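Undergrad: Chain by chain, the residues:
There are 2 protein chains.
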Amino acid sequence: MTGTSTALLTDHYELTMLAAALADGTAERECVFETFARRLPSGRRYGVVGGTARVMDAISRFTFGEAELAQLSGVLDQATLDWLADYRFTGDVDGYAEGELYFPGSPLFTVRGTFAEGVVLETLVLSILNHDSAIVSAGARMVSAANGRPIIEMGGRRTHEEAAVASARAAYLAGFATTSNLEAKRRYGIPTAGTCAHAFTLLHDSEHAAFTAQVEALGTDTTLLVDTYDITQGIETAIEVAGTGLGAIRIDSGDVGVLARQARQQLDSLGARNTRIVVSGDLDEYAIAALRAEPVDAYGVGTSLVTGSGSPTAGMVYKLVEVDGRPVAKRSSHKESKAGRKAALRRHKPTGTALEEVVYVVGAAVEEEPHDRQLQVPLLRGGQPAGELPSLEESRQRVRDGLVSLPWEGLKLSQGEPAIPTVYVEK
Amino acid sequence: MTGTSTALLTDHYELTMLAAALADGTAERECVFETFARRLPSGRRYGVVGGTARVMDAISRFTFGEAELAQLSGVLDQATLDWLADYRFTGDVDGYAEGELYFPGSPLFTVRGTFAEGVVLETLVLSILNHDSAIVSAGARMVSAANGRPIIEMGGRRTHEEAAVASARAAYLAGFATTSNLEAKRRYGIPTAGTCAHAFTLLHDSEHAAFTAQVEALGTDTTLLVDTYDITQGIETAIEVAGTGLGAIRIDSGDVGVLARQARQQLDSLGARNTRIVVSGDLDEYAIAALRAEPVDAYGVGTSLVTGSGSPTAGMVYKLVEVDGRPVAKRSSHKESKAGRKAALRRHKPTGTALEEVVYVVGAAVEEEPHDRQLQVPLLRGGQPAGELPSLEESRQRVRDGLVSLPWEGLKLSQGEPAIPTVYVEK
Chain A
1112 MTGTSTALLT DHYELTMLAA ALADGTAERE CVFETFARRL PSGRRYGVVG GTARVMDAIS
1172 RFTFGEAELA QLSGVLDQAT LDWLADYRFT GDVDGYAEGE LYFPGSPLFT VRGTFAEGVV
1232 LETLVLSILN HDSAIVSAGA RMVSAANGRP IIEMGGRRTH EEAAVASARA AYLAGFATTS
1292 NLEAKRRYGI PTAGTCAHAF TLLHDSEHAA FTAQVEALGT DTTLLVDTYD ITQGIETAIE
1352 VAGTGLGAIR IDSGDVGVLA RQARQQLDSL GARNTRIVVS GDLDEYAIAA LRAEPVDAYG
1412 VGTSLVTGSG SPTAGMVYKL VEVDGRPVAK RSSHKESKAG RKAALRRHKP TGTALEEVVY
1472 VVGAAVEEEP HDRQLQVPLL RGGQPAGELP SLEESRQRVR DGLVSLPWEG LKLSQGEPAI
1532 PTVYVEK
Chain B
1112 MTGTSTALLT DHYELTMLAA ALADGTAERE CVFETFARRL PSGRRYGVVG GTARVMDAIS
1172 RFTFGEAELA QLSGVLDQAT LDWLADYRFT GDVDGYAEGE LYFPGSPLFT VRGTFAEGVV
1232 LETLVLSILN HDSAIVSAGA RMVSAANGRP IIEMGGRRTH EEAAVASARA AYLAGFATTS
1292 NLEAKRRYGI PTAGTCAHAF TLLHDSEHAA FTAQVEALGT DTTLLVDTYD ITQGIETAIE
1352 VAGTGLGAIR IDSGDVGVLA RQARQQLDSL GARNTRIVVS GDLDEYAIAA LRAEPVDAYG
1412 VGTSLVTGSG SPTAGMVYKL VEVDGRPVAK RSSHKESKAG RKAALRRHKP TGTALEEVVY
1472 VVGAAVEEEP HDRQLQVPLL RGGQPAGELP SLEESRQRVR DGLVSLPWEG LKLSQGEPAI
1532 PTVYVEK
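Chains as they are written, first to last, in my numbering: chain A, 1112 to 1538; chain B, 1112 to 1538.
Here chain A stands alone, though its shape is the one from the complex (with noise of 0.2 Å):
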């Protein structure tokens, strides 16, 4: 997607405000949008923020030129489309970096600029963190039920082209393997994986046909689909086609916890003791965990992980919370936030166990204490970047130590509070 302008991936109405704002001057101010999330998605522990290296990308990109503003003729007055034509961002960004844990509240990207440059960004920003914060959430779910074992993404043929993407990144970004999706190996550098599907063996004339020619294609580590016909049957068709050194067999459905242990067996008996067992069909994090004692050795997972595991979006919001030093807030009835430019930092006992999470007005007296970590750190500064963005396998490992440092209740899959308190220090 590099090059192409992300400036219409935005809501009408933030250049209305913008035309608005620029009309009566209070486009200049200088202001603080702070990205958060109210609460979790109901019953999760924690969460895991991700997209912060794509937001990055598409504020780059986030630039109007003739054939953005054509769109916009029309709506908007040529003072506001001048001004939309030199836009660049030229403000600063502090952010919990991606691969961070984050908890109700947690000051997750907050934008600083004027008026103008910081609230056309709010649909882009959002979006992206929304989304993928989402997935690497539900991820992480799962990598955590699969206790060391590796998970294949396989799910974007049930997502969005473009999402199914982005998932894939997620997904190894909260710790998956690999993944099914190749434009996410071109795009990411995030290894793939696949062999066959059911297609491939009802095209031949027989399953030893079908096997045949996937050893023949593939070699023996390859990984044969034994549930097309009949399981038992298919393993030892397997077995005789691909040798005991056959890599792996994949089950695709049924009660894959029964199967994977007859299928153990049966591989066993037939001298094939390596060749792995890999299952799959609309598995989830609590269908994962429910599998820990059969002979499993890999699981594939699709449409609980594109789906967020029942939570599609993050439910984060992108909200104004201080003009010219003065915080601001909404104070009527419902969803209320809190004014003022926040930071974060999380408190730990010695052990480096998580307690907390401090989210303070900048500016407040906040203690700190000799296991607290500051959780925001410089994205942007002026517009551009603030130094090179963690690798993805860097923003990996943060997910893995972050996990580590959770409270055991956090890691438990069951609905329940956040697994760590958020604490708020005002001014």
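It should be emphasised that the hints constitute simulated quantities derived from the structure, not laboratory data. A portion of the hints provided could be inaccurate.
No copy is singled out in the list; a pair is fine if it fits within one copy or between any two copies.
As a list, the in silico SDA-like pairs of lysine to any residue whose alpha-carbon atoms are at most 25 Å apart [claimed, not checked]:
id	residue 1	residue 2
1	Lys1523	Gly1421
2	Lys1538	Gln1485
3	Lys1538	Arg1172
4	Lys1538	Val1488
5	Lys1523	Asp1332
All of these numbers come straight from a predicted model, not from anything done at the bench.
Position chain B against the provided structure of chain A, taking the given hints into account.
TA: Below, chain B alone, put in the same frame as chain A:
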């Protein structure tokens, strides 16, 4: 996205299957792949096909240029790479028209061609149809619940930035009036709408100043957001600033039903009898239905639309059902499919009310009745468009017509069985 190759929006295993089939000579067997949903999302009474036009466009761009082939050179043998370099889909496609209702088993998108030609399209076809159909299906329920009142789509910030554009299109297809998404206007000509967020009020020294700026920039026919501080005061200020000719007010939080009633009384008492009331804030089809008796003039819907209101994917699959004229199907325990190429007709009462979805194997003896309607239309012939696709407006009308044809239980929002049963006729 015109001009960009879609070829890598594909699962790895499609190309390894291709390689193995090219090597053993089965790649050229004539195949039929069928796209269908085994079931509707839990409790839903109908689905609506979305994305057909996007799939047609995506298939036309499914070509492997040098950049795509370079990505695959480590994975595939030279013969496969050469085959891909020449790839253009040259087969036939028949499917349900976009906007058509569907039910379990409806053959929504049937691809005929060689195995090689058809197998590589699986992920792309499914990604688009699964996403867009999920959104339009949810949207149709909301439009139905709104009972003639317009709905504004404003969910782009809660989903992937490109899924946002497709969601805006799907919402319009479902009958939404407008979208906030500017790219959807550029790409699909969908009317956009939007005025101001709470940020605009907070930016100003007072609500009065903010409303004044907005009315000066956008005219008195604008929509003023009145719930930043105190709604009653906000409405008073709105009319004071804009006069009784104010277009609309918007309420985005709180118990919007109660607030709308109070707002209507207040507006009327101020003489602003024609000022409309727009409500938004976490609305879904149930909330919209609950507001039916309240003086609401329009709804703004975001999160619930773009997440498919609990069903973010349509769960469609793409299955090989015929090889060289021989019906094929997976036969093991679960996830069975029905073999053979199928077509479908919808049976109606003489009044036009739908009675059943008759899914029949092509060639089976189906006695057509006077009020039957064949559901598949030709989409591609020899890889070329079989005719001009319906316009988005025509597909939108098709959704309306479809909903009118359902038995009344079919429009209930509560969980239930599909509105009409699917009847299979095999040879």
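Undergrad: Within a copy, between copies, both or neither: where do Lys1538 and Arg1172 come within 25 Å Cα-Cα?
TA: Answer is neither; intra-copy 37 Å and inter-copy 57 Å both fail.
Undergrad: Taking 25 Å as the upper bound on the Cα-Cα distance, should Lys1523 and Asp1332 be classified as within, between, both, or neither?
TA: neither (35 Å within a copy, 52 Å between copies)
Undergrad: At most 25 Å between C-alpha atoms: does Lys1538 with Val1488 qualify within a copy, between copies, both, or neither?
TA: within (22 Å within a copy, 66 Å between copies)
Undergrad: When no copy is named, should Lys1538 and Gln1485 be tagged within, between, both, or neither for a Cα gap of at most 25 Å?
TA: Cα proximity of Lys1538 and Gln1485: one copy only (18 Å, versus 69 Å across).
Undergrad: Between the shortest in-copy and the shortest cross-copy C-alpha distance, which are at most 25 Å for Lys1523 and Gly1421: within, between, both, or neither?
TA: both (16 Å within a copy, 23 Å between copies)
The structure does not agree with the numbered hints 3 and 5 stated previously, though it agrees with the rest.
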